[in-house]
Amino acid sequence: MTGAIRSIGRRKTARRGGGRRNDRQGGAVELWMRSHVALVYLFLYFPIVIVVLFSFNATDRQVTDWQGFSLKWYGRVLGDRQVQNALFNSLFVASITAIISTIVGTTAALGLQRAPRWFRGPFSALTYTSIIVPEIVIALATLVFFSTAFDFASPILGFRLKTGFATIIAAHCLFNISLVILLVQARLNGMDRTHVEASYDLYGSPWRTFWQITFPQLLPAIVAGFLLSFTFSFDDYVITTFVSGAGTTTLPLYVFGQIRKGVTPATNAVAAVMLLITLSTLIIGQFLVSRNAKRKGQSGSMTSMVVEQR
Amino acid sequence: MATIAEGAARTRSGQRSRSLRQGALTGLLLLPAGLWYVILLVVPLGIVVIFSLGKTAARGGYAPGLTLDNYAAAAAEPGPFVTSLWLAIAGTILCLLLALPLAYFVATRGGSRKALFIVLLVIPFWTSFLIRTYAWLTILGPDGLAGFIGDAIGDPAFRILGTPVAVLIGVVYGYLPLMIFPIYVTIERMDRTLVEASKDLGAGRWATFRQITLPIALPGLITGSILVFIPLMGEYVIPAILGYGRVFLIGNLLVLQFLEARDWPVGSAYAVMLIMIMLVSISFYLWFTSRGRKSRDVSVL
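Chain order of the listed sequences is A and B. Take any residue in the first sequence, count from 1 to its spot, add 205: that is its number in my numbering. Take any residue in the second sequence, count from 1 to its spot, add 133: that is its number in my numbering.
It is possible that some hints are incorrect.
[What the hints assert, rightly or not] Among the chain B residues that face chain A by a calculated CB cut under 8 Å, a handful are:
| no. | residue |
| --- | --- |
| 1 | Leu178 |
| 2 | Tyr317 |
| 3 | Met406 |
Hint data in this document are derived by calculation from the structure and do not stem from the laboratory. Note that CB positions come from ideal geometry on N, CA and C, so glycine has one too.
Please put together the full structure from these sequences, using the hints given.
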């Protein structure tokens, strides 16, 4: 008994002594952690800033040779027929992909909730497979599939099927449908069921219950899914390069071709335009989702949805 | 009597038709996504496996056959596999080292600015991957860091672009957010009282981190590692841009085999081997997470 008390007392003094040392150590650790965090954020933003900065360079020769601020490269690039076409193609592919992925993914997430257990497992396995398999494997498998299917179907149809917008969009949708399924599913699982039950108790039809109760609650996830799909499709290089055809060059394909020739202020300007477009979808989404959350008195943001999904 | 039986039968058939209708609706909701999975995932991967066992046609493409020659050819040139593997491992470890203190800081010290910290992490993740890779061309180029280091060491021919170092920087930069998010989520959801309890019991800062925080964050660390490692094994854009194609990974090889050489059977064999590596990592992941759950159950008992 006394021994125990004595040992407690000893530990107490030891702790008090160690506490001071801990504080000093703690200060050093805090300092190290803060500088680490600052450096990582610098690391994340420095390259982006560099691209945008040098896209405003008035120089005609060296990219890094600062000759003053100018918008002339933007003017030149946006007046370029090739860039215009590539930009249009990219916006077209990304919009259609996002629309199809959102509708197909949302309905699948809703269906999955009603599906029997034996069906859900394999279906979810496919969802995860389509997301985790390296993009290049999906790309080459899709190319091989389309080429085989077209070889088979063309003699029957009497004309030659070719890769193009349809094949690009179909291939982009695979990944993005799965993405929407996961986002909507997470929302469905976290949903408050009492409203749905209340609606049924008040003799609301399933159709009305869905549109008045379930759908508004799912909307943030659907919006996030739509904008993420748009961004991923807009930005995709690997799959597009495998399944694109003549005249369907998207902006990433164009930029990749330009990069091969070296860094120029013009390429920097195209790059900055791409950054602007992808970033504005994020800003739109963040605005829509947080406004929706505020109106309902909930807290929520699209970024948190993205982070927690991963 | 008869009317009751009739009525019961009618309700039963009504129920049956309703459940049939419900089933049909479920099927209808799942049909489009199911079609996408079958036609653009299962069948294409199946074709790749079949191709990998076939022969190369005279003009490129596929000729039917049943042989393991393609795998032998792929195994005879393990170079790209080895490069990809060590680059993926090094990239994953570097991402871990950068991500863990950051995620820990944001989750525990973020305070009221936590949302801002997160938004600042999502922005680079969301903006164009291609452009973020491209950005390093200027920074690492002869007018940037390479020139600076070259001047410092007196070697004007010093280059970073085209070397594995450039590719490594690029992959760490590209994949870092994917590592941070899951680690952040696990630490953020952690029961903070455990840390206080540990400190009350006299454990130091390091002991608390090692014995409490790290084990709890482990699933996040593993998830992040998988999310970084698997896509890294098949990475193409970064080595093509920052490695000038000189740092030759499986991704570069697959593009070469499929789009330029049109040697589809050998390319398919490489692809199947890449899928195998992926399956092994996923199985390890599943085994690890299920093991974790089991041991937690035991500890609760």
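Taking the hints in turn, this is what the structure says about them:
no. : hint   : in the structure
1   : Leu178 : holds, 5 Å
2   : Tyr317 : holds, 7 Å
3   : Met406 : violated, 11 Å
The structure is inconsistent with hint 3 alone, although it conforms to all the rest.
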